[in-house]
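With this note's numbering applied, the sequence shown corresponds to residues 1 to 572, in that order.
If you are wondering where the hints come from, they were derived from the structure by calculation, not from laboratory data. Be aware that a few hints might be false.
What the hints assert, rightly or not - Below 30 Å or equal to it, Euclidean Cα-Cα: the simulated DSSO-like pairs (lysine-lysine) are: (1) K61 with K548; (2) K61 with K246; (3) K62 with K246; (4) K191 with K571; (5) K62 with K226; (6) K191 with K226; (7) K246 with K217; (8) K485 with K563; (9) K485 with K528; (10) K548 with K528; (11) K346 with K401; (12) K246 with K401; (13) K563 with K46; (14) K528 with K191; (15) K563 with K528; (16) K217 with K401; (17) K191 with K563; (18) K191 with K205; (19) K528 with K571; (20) K61 with K97; (21) K61 with K205; (22) K205 with K62; (23) K246 with K571; (24) K571 with K548; (25) K97 with K205; (26) K62 with K97; (27) K191 with K217.
Stated by the list, open to error - Derived CB-CB ranges, DEER-like: (28) L208 with P569: 33 to 41 Å; (29) Q564 with L208: 18 to 26 Å; (30) E204 with V470: 43 to 51 Å; (31) S500 with G291: 35 to 43 Å; (32) D165 with S500: 45 to 53 Å; (33) D165 with N549: 30 to 38 Å; (34) S396 with K548: 39 to 47 Å; (35) N288 with H164: 31 to 39 Å; (36) Y251 with D80: 53 to 61 Å.
Keep in mind the model is a prediction, meaning the values are calculated, not measured. Even for Gly, the Cβ is constructed at its ideal location relative to N, Cα and C.
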Amino acid sequence: MISDSSRRSFLQQLLAAAGAASLPVPGLWAATAPANPAIRYVDVTKRAGIDFVHYTGAFGKKLLPETMGSGCAFIDFDNDGNPDILLLNGKDFPGHKRRRSTMKLYRNNGDGSFTDVTVQAGLDFEMFAMGVAVGDYNNDGWEDIYLTGVGESRLLRNDHGRFHDVTAEANVQNAGFGSSCAWVDYDRDGKLDLLVANYVDWSEKGDLYCSIDGHNKAYCTPESYKGASCRLFHNLGDGRFEDVTKHAGLYDPTCKSLGVAILDYDQDGWPDIAISNDTQPNKLYRNNRDGTFTESGIPSGIAVGESGIARGAMGIDAADYDRSGYPSLLIGNFSNEMVALYRNVKNRLFIDVAPIAGIGHDTLLSLSFGLFFFDYDLDGFDDLFLANGHVETDISRIQPKVGYSQLPLMFHNDGPDARGNTRFSNVGASLGFTSRYVGRGAAYADINNDGALDLLMTTNSGPAYLFENVGTTNNGLRVKTVGRKSNRSGIGAMVRVHNSDGIMSKVVHSGSSYCSQSELTLTFGMGKQMFAEQVEIEWPSGERDVLKNLPVNATYTVEEGGKQLNTRPFKR
């Protein structure tokens with residue numbers, strides 16, 4: 001429970017910071033132009049050859065995992081420079097076998113089409129998969145996969161395009177109800193460590209009876225179950241990991257975690273961890289730089305809503321959306337709880353600005369799972385995407401304004417006003433998002449090398465959808481990092497793009513959204529700029545590289561030390 005003194009302290013800090021945050025902020029870029037009405041997101045799922053339907057294993061008893069859905073990922077598993085698609089799946093519960101179901105891996109053919117290579121890649125096996133994280137944990141140049149699931153999780157080592165299960169030998173077993181996960185080099189030793197979030201203490205035998213109408217069984221909310229701690233695995237560098245959860249200060253069995261975001265919220269150069277908890281206070285673990293963390297959710301302002309009560313948090317992401325130089329947090333909440341946009345006002349403090357930013361009202365009835373910051377129109381300001389869908393199939397009988405299937409939402413970042421407050425506009429319908437889905441996982445990548453970011457979304461007990469970004473005319477610049485002293489994926493690298501009118505900053509990161517993984521390559525919207533005057537990369541090792549006068553509309557692969565390994569112009 002949150003003590004009265006802690007709550008009073010939190011509210012006092014909130015009020016004090018709110019006054020400071022409303023002051024004009026010098027040096028911010030001018031507000032962006034209105035959203036480009038020519039841009040559309042076109043459903044290319046069928047044309048691309050994606051033929052996948054998520055399987056829940058449901059057999060009539062409304063078991064909790066059935067409604068939670070699985071995530072998705074973009075991964076360049078064959079190192080050809082094109083992002084491939086991984087879609088996670090459920091399976092039948094023990095004793096109720098009806099069919100065989102596996103995840104699916106689709107290879108990007110580079111021409112707008114994808115080919116199912118699940119069997120060839122060694123992924124043709126069953127598990128009740130939930131979350132996925134992509135990163136090169138053994139620094140061999142090939143992206144590996146960690147999968148969470150119900151009752152089991154798996155580490156899949158990528159051996160030149162074919163995956164092998166090395167869970168046992170790596171010592172990264174997780175037998176709980178795994179949800180989101182992320183690779184992070186928390187001690188900056190050049191090797192990727194692994195954070196695994198767990199939802200609740202659930203088993204089929206211990207599944208509880210709940211009802212929303214007093215007559216029929218419904219899916220229970222997490223309040224009915226005991227929590228479960230996340231786990232942190234430290235990479236020993238020889239293919240094995242050690243569980244350092246308790247030593248690091250992360251053990252907390254009251255958590256009911258669904259989302260993980262890695263961010264350096266105090267800009268001290270060390271990665272911190274934010275975890276979104278469903279009906280329990282969100283957590284923010286500040287890195288103490290000695291292998292331990294200090295939990296700072298309440299003093300930072302992200303633990304609970306403005307009423308002092310924990311919300312039903314699902315997905316989470318972090319980005320410097322307001323160009324302050326500090327990352328803020330986006331957290332999707334339950335229906336009748338608007339999404340949270342925690343603006344980082346520095347001094348290790350966040351303020352939820354969703355109501356004044358223009359996204360509060362429009363998200364009030366949505367239940368947001370997958371979500372993220374990304375610049376869909378390449379104007380240089382991060383926009384917001386939210387995949388929405390309820391967990392109770394019959395919710396509309398009890399709450400007529402809330403549906404099981406819901407509209408995805410897209411918010412255009414209109415830039416800061418005269419007082420430095422960023423505003424967003426709801427542009428989902430104009431972009432083509434007019435159909436309702438039971439949305440769950442979501443990720444983004446540039447699938448066709450045109451510089452514009454495309455979308456992948458999973459639905460619960462339904463198809464996966466691939467949406468192509470069509471009509472974006474602004475310029476862009478993409479950076480793929482390759483570590484040497486740092487981890488090979490460059491995860492944790494801070495990339496800043498400098499121009500005469502400002503600085504954009506992004507971090508290469510694993511995790512975020514809900515149980516999903518977007519591509520690791522960073523995309524910067526350049527508007528009408530023709531060059532990036534300076535691209536600065538701060539690596540986890542502490543090394544700093546600077547590249548000058550890079551032409552736009554290309555992807556630059558940069559190795560630690562400043563060497564440009566490859567320049568790939570966009571297809572436009």
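Here's how the hints hold up against the structure:
1. Taking the CA atoms of K61 and K548, the gap is about 60 Å. The hint is violated against a cut of 30 Å.
2. About 36 Å separates the Cα atoms of K61 and K246, which puts this hinted pair outside 30 Å; it is violated.
3. Distance restraint check for K62 and K246: the Cα-Cα separation of roughly 34 Å exceeds the 30 Å cut-off, and the hinted pair is therefore not satisfied.
4. Among the hinted pairs, K191 with K571 is inconsistent with the structure: their alpha-carbon atoms are about 34 Å apart, more than 30 Å.
5. Distance check on the hinted pair: K62 and K226 sit about 18 Å apart at the alpha-carbon level, within 30 Å; holds.
6. Simply put, K191 and K226 have alpha-carbon atoms about 33 Å apart, too far for the 30 Å limit, and the pair is violated.
7. Between K246 and K217 the CA atoms are separated by roughly 37 Å; this puts the pair beyond 30 Å, and the hint is violated.
8. Between the alpha carbons of K485 and K563 the distance comes to roughly 14 Å, so the proposed pair stays at or under 30 Å and holds.
9. For a cut-off of 30 Å, the pair hint linking K485 to K528 is broken: about 35 Å separates their Cα positions.
10. Under the criterion of a C-alpha separation no larger than 30 Å, the hint pairing K548 with K528 is consistent with the structure, at around 18 Å.
11. With a C-alpha separation of about 38 Å, the suggested pair K346 and K401 falls outside the 30 Å cut-off, and the hint is violated.
12. Under the criterion of a C-alpha separation no larger than 30 Å, the hint pairing K246 with K401 is inconsistent with the structure, at around 44 Å.
13. Taking the CA atoms of K563 and K46, the gap is near 40 Å; set against the 30 Å cutoff, the hint is violated.
14. The straight-line distance between the Cα atoms of K528 and K191 is roughly 38 Å, outside the 30 Å bound, and the hint therefore fails.
15. Our distance criterion of 30 Å between C-alpha atoms is met by K563 and K528, whose separation comes to about 27 Å.
16. Restraint check: the Cα-Cα separation between K217 and K401 comes to about 21 Å, which is no more than 30 Å; the hinted pair holds.
17. Between the alpha carbons of K191 and K563 the distance comes to roughly 21 Å, so the proposed pair stays at or under 30 Å and holds.
18. Between K191 and K205 the CA atoms are separated by roughly 39 Å; this puts the pair beyond 30 Å, and the hint is violated.
19. Using a Cα cut-off of 30 Å, the hinted pair K528 and K571 holds, with the two alpha carbons roughly 17 Å apart.
20. The hinted pair formed by K61 and K97 meets the criterion: a straight-line CA distance of about 14 Å does not exceed 30 Å.
21. Between K61 and K205, the direct Cα distance comes to roughly 12 Å. Compliance with the 30 Å bound is thereby established for this hinted pair.
22. About 13 Å separates the Cα atoms of K205 and K62, which keeps this hinted pair within 30 Å; it holds.
23. Restraint check: the Cα-Cα separation between K246 and K571 comes to about 49 Å, which exceeds 30 Å; the hinted pair is violated.
24. Under the criterion of a C-alpha separation no larger than 30 Å, the hint pairing K571 with K548 is consistent with the structure, at around 23 Å.
25. Restraint check for K97 and K205: satisfied, since their Cα atoms lie roughly 17 Å apart, inside the 30 Å limit.
26. A distance of roughly 16 Å separates the Cα atoms of K62 and K97; the hinted pair therefore holds under the 30 Å criterion.
27. Pair hint K191 plus K217 does not hold up; C-alpha atoms about 47 Å apart against a cutoff of 30 Å.
28. Between L208 and P569 the C-beta distance comes to about 56 Å, which lies outside the given range of 33 to 41 Å.
29. Distance hint check: the CB atoms of Q564 and L208 are about 57 Å apart, inconsistent with the given range 18 to 26 Å.
30. The hinted window of 43 to 51 Å between E204 and V470 holds, with their beta carbons roughly 45 Å apart.
31. Roughly 42 Å separates the CB atoms of S500 and G291, a value that falls within the hinted 35 to 43 Å.
32. One distance hint, 45 to 53 Å for the beta-carbon pair D165 and S500, holds here, with the actual separation near 51 Å.
33. At about 46 Å, the beta-carbon gap between D165 and N549 misses the expected band of 30 to 38 Å.
34. The hint said 39 to 47 Å for the Cβ distance between S396 and K548, and at roughly 57 Å that hint is violated.
35. Checked against the hint of 31 to 39 Å, the C-beta distance between N288 and H164 comes to roughly 35 Å, which is consistent with it.
36. Between Y251 and D80 the beta carbons are some 41 Å apart, a value that contradicts the proposed interval 53 to 61 Å.
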